[in-house]
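Trainee: Make a model of the complete structure from these sequences and hints.
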Amino acid sequence: MGLHMKRWTVNPETWGAVVSILGFVLLWYILTAVLKLPRFDKLPNPVAVFSAWLSPHPQFGLSIFTRGYYLDILYSVGRVLAAFVLATVLGVGLGLLMGWSRVFFDYSFPLVETLRPIPPIAWIPLAVLVLPTAELGVIFITFIAAFFATVLNTLLGVRSIDEVYFRAASCLGSRPRDVFWNVVVPGALPAIFTGLQVAMGIAWISLVAGEMIAGQRGLGYLIYEDYSNLQFVNIVIGMATLGLLGYGSSALVRMLGRRLMAWEGRRRGGAMA
Amino acid sequence: MAKRWLNRHALRGLVSIVAFVVLWELVVVLKLPYLKFLPLPGQVAASLGQSIASSAYWQDWELSLGRILVGFLAAQALGITLGLAMGISRTARRFVFPIFEVLRPIPPIAWIPLAIIFWPTTSLTIYFLVFTGSFFIVALNVLDGVKSVDQSLVRAAYSLGAKPRDVFWRIMLPATLPYVLTGATVGMGVTWNVLIAAEMVTSAGQSGLGGMTWAAYTNGVLPVIVVGMLSIGVAGYLSSALIRFLGERFMPWRRRI
Amino acid sequence: MSAGGALSIRQVTKVYDPEGVHVVAVDNCSLEVASGEFLVVVGPSGCGKTTLLNVIAGFEELSEGEIRLDEGPLALPGKQVGPGAERIVVFQNGALFPWKTVLENIAYGPVVQRRMAKNEAQRSARELLRQVGLEGIEESYPAELSSGVQRRVEILRALINEPRVVLLDEPFRGLDAVAKSVMHQFLLDMFERTRCTMYFITHDLDEAIFLADRVVVMTTRPARVKLELSIDLPRPRDHRVLGTERFLKLKQAALEAVHEEALKAFQAGERELA
Chain H
1 MGLHMKRWTV
11 NPETWGAVVS
21 ILGFVLLWYI
31 LTAVLKLPRF
41 DKLPNPVAVF
51 SAWLSPHPQF
61 GLSIFTRGYY
71 LDILYSVGRV
81 LAAFVLATVL
91 GVGLGLLMGW
101 SRVFFDYSFP
111 LVETLRPIPP
121 IAWIPLAVLV
131 LPTAELGVIF
141 ITFIAAFFAT
151 VLNTLLGVRS
161 IDEVYFRAAS
171 CLGSRPRDVF
181 WNVVVPGALP
191 AIFTGLQVAM
201 GIAWISLVAG
211 EMIAGQRGLG
221 YLIYEDYSNL
231 QFVNIVIGMA
241 TLGLLGYGSS
251 ALVRMLGRRL
261 MAWEGRRRGG
271 AMA
Chain U
1 MAKRWLNRHA
11 LRGLVSIVAF
21 VVLWELVVVL
31 KLPYLKFLPL
41 PGQVAASLGQ
51 SIASSAYWQD
61 WELSLGRILV
71 GFLAAQALGI
81 TLGLAMGISR
91 TARRFVFPIF
101 EVLRPIPPIA
111 WIPLAIIFWP
121 TTSLTIYFLV
131 FTGSFFIVAL
141 NVLDGVKSVD
151 QSLVRAAYSL
161 GAKPRDVFWR
171 IMLPATLPYV
181 LTGATVGMGV
191 TWNVLIAAEM
201 VTSAGQSGLG
211 GMTWAAYTNG
221 VLPVIVVGML
231 SIGVAGYLSS
241 ALIRFLGERF
251 MPWRRRI
Chain P
1 MSAGGALSIR
11 QVTKVYDPEG
21 VHVVAVDNCS
31 LEVASGEFLV
41 VVGPSGCGKT
51 TLLNVIAGFE
61 ELSEGEIRLD
71 EGPLALPGKQ
81 VGPGAERIVV
91 FQNGALFPWK
101 TVLENIAYGP
111 VVQRRMAKNE
121 AQRSARELLR
131 QVGLEGIEES
141 YPAELSSGVQ
151 RRVEILRALI
161 NEPRVVLLDE
171 PFRGLDAVAK
181 SVMHQFLLDM
191 FERTRCTMYF
201 ITHDLDEAIF
211 LADRVVVMTT
221 RPARVKLELS
231 IDLPRPRDHR
241 VLGTERFLKL
251 KQAALEAVHE
261 EALKAFQAGE
271 RELA
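Residue numbers (my numbering), protein chains in the order written: chain H, 1 to 273; chain U, 1 to 257; chain P, 1 to 274.
Careful: at least some of the hints might be erroneous.
Unchecked claim - Restraint ranges, calculated between C-beta atoms of paired labels, are given here: (1) E139/P <-> L81/H: 54 to 60 Å; (2) L255/P <-> F168/U: 48 to 54 Å; (3) S146/P <-> V154/U: 27 to 33 Å; (4) P73/P <-> R155/U: 57 to 63 Å; (5) L124/U <-> R177/H: 56 to 62 Å; (6) T14/H <-> E127/P: 50 to 56 Å; (7) R102/H <-> Q11/P: 31 to 37 Å.
Hints were generated in silico from the structure; no laboratory data involved. Cβ atoms here follow ideal geometry from the backbone N, Cα and C, with glycine treated the same way.
Mentor: Here's what the structure looks like:
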């Protein structure tokens with residue numbers, strides 16, 4: 001493995017990645033700016049996008065040098081963060097309880113299963129009309145999206161714990177509370193983090209929809225506004241930024257998971273013997 | 001187990017759903033802040049009754065289901081093909097996968113404005129968005145599936161005299177099928193989200209279940225909004241159930257586990 | 001170190017009755033285990049010996065009969081004392097908590113029983129590891145250790161609680177011959193040191209005779225005692241005992257009984273298939 005790492009610059013995987021992404025950008029450029037095929041000629045070309053994105057004086061007022069860009073990022077990230085934290089706390093808590101107590105499961109699961117099939121985005125109109133501000137509406141639908149994914153994966157996580165750990169814990173003299181903290185929680189942790197990954201993805205999807213439809217500021221609002229104002233270059237900047245943020249937030253969740261589950265990473269490998 | 005479906009557990013579930021509806025009624029009747037704006041369960045039921053009797057409501061169903069069907073099937077066809085290609089050919093994986101990694105994190109809904117700009121008709125726009133909603137998920141799951149094929153099975157097949165074509169049809173494909181199912185299940189969930197958002201944004205009057213809900217929103221008719229939500233929920237549930245059913249039908253070896 | 005640990009199993013019957021299928025796993029089984037005795041139970045796979053162990057441990061209820069530990073009732077029909085730290089199980093495939101380090105695993109019992117503070121428990125866990133020559137793995141997770149070391153840690157996790165009985169359910173199954181012989185020596189050392197009652201299940205006759213004060217051969221399902229064999233080999237024992245004439249003679253006697261039951265189980269299996 002060490003050998004490959006040293007030669008990473010000539011690694012065929014890296015080389016392939018660079019070629020394919022450059023090829024993709026080139027194709028995009030040729031279709032939109034050189035051949036100007038019908039329909040494609042309406043789309044912004046990559047040179048226009050990148051030069052605007054990196055320009056200190058962008059034509060449409062959006063680049064890495066403008067304050068508004070960061071303000072929109074801050075709004076979106078803040079909303080996702082609030083919704084995600086709330087969904088994690090409530091979702092993991094509820095999921096653990098559902099997996100832990102049969103009675104609690106019986107009462108809560110059918111309700112969860114009744115509400116879960118409604119896509120978070122279908123909640124937008126109701127949320128906007130009932131909640132006092134549009135801001136809360138957007139956070140609410142982002143929360144709903146992340147919440148169900150978290151609950152369900154946490155529940156599956158508890159269910160997947162091998163019975164033998166419960167037995168071991170009980171014959172070592174554990175009380176129910178000890179079993180909860182020493183078996184249920186750590187045993188469900190891998191599945192919880194799978195759920196949080198999924199939840200993070202869906203949270204961004206819902207956020208964008210919420211901001212487009214009902215939001216003030218934020219990246220979803222930005223791309224829809226710029227569509228209405230015919231500033232198409234900004235749409236692509238907004239999409240790319242959303243992609244980066246989505247990717248970064250998933251990576252963050254993954255990293256946190258690895259931190260908390262040290263035992264998962266350190267399996268006995270053949271090399272150690 | 002089958003002899004008493006209304007056992008203790010089912011009864012508790014029923015109790016909680018009834019309690020939920022009663023609570024809903026109460027928060028409106030007691031005029032709790034903000035929640036008092038919710039429509040009453042009875043109003044929703046009445047509105048649902050009217051909807052069911054109207055043909056416009058069923059046209060919305062038809063429109064939404066048709067869009068899901070076209071976009072989703074296109075995503076399956078292309079996603080499975082590309083996933084298999086990436087799984088089998090290293091060259092394909094080397095050149096296609098990085099583009100996937102770049103495009104995938106962009107939330108499908110963020111494609112809405114560009115899609116509207118690019119596609120000449122609303123139908124095409126929505127087909128494309130629905131397609132985007134599940135395409136990446138399907139392809140990546142299939143890729144995982146091909147990677148997970150037990151190499152000893154492949155070697156066993158070759159040593160029994162199989163040709164690459166046989167290995168593909170008899171081993172790769174069946175072994176990948178569960179992953180296709182997973183991709184379809186997850187993809188279907190995202191797809192409905194994207195469809196609803198797309199219908200809400202592009203709605204020009206009559207436009208599917210999402211458009212119907214949106215029209216109710218702009219007109220401020222709360223009971224119809226809830227009818228729309230419930231209908232979308234039922235539609236989403238039915239499509240997932242259909243995928244589950246097909247999965248069991250085509251993978252009988254997984255049914256008994 | 002430990003006091004008591006006399007286990008009395010009196011006419012125990014265990015019937016499974018899911019969906020009206022009447023399966024008798026244990027049938028009218030009686031067995032006395034003296035305090036400080038090393039008892040090994042041998043029988044064909046699926047004969048019900050694990051069921052009996054689960055009833056003793058408190059994981060399952062019995063249908064008839066009673067089980068007492070030092071005259072205190074453990075199990076009567078419909079009245080079961082739940083699992084407790086005076087009879088700790090060492091499981092077939094290992095049950096160290098994968099998410100706890102070796103030290104946390106061993107210290108777990110005394111801490112949750114509120115017998116020791118966490119620091120104190122970890123100190124005595126460290127001491128225990130040192131005594132058996134396993135220092136250096138305190139901060140490792142179970143998955144980083146070989147299965148032989150895992151089993152030893154699991155046995156230490158049981159013994160630190162000073163149980164009256166240790167219930168071992170084929171704990172060395174799946175280990176290779178060398179690892180197994182290391183484990184046997186380790187377990188005998190631990191037995192000499194603690195003298196707590198051992199209730200050990202296996203289907204390996206060499207293992208059974210090498211370890212035991214007494215070997216009990218069970219019948220095929222439903223489980224009943226078929227043969228009791230007192231193992232009068234002197235202690236402390238080491239691998240040399242395996243070649244002695246006395247050992248071979250005992251093994252021959254046990255083999256007869258086991259073979260007869262295995263054949264019966266095989267035929268029963270054939271009948272079920274037919």
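Trainee: Kindly indicate which numbered hints from before are broken by the structure, ordering the numbers from low to high.
Mentor: 1
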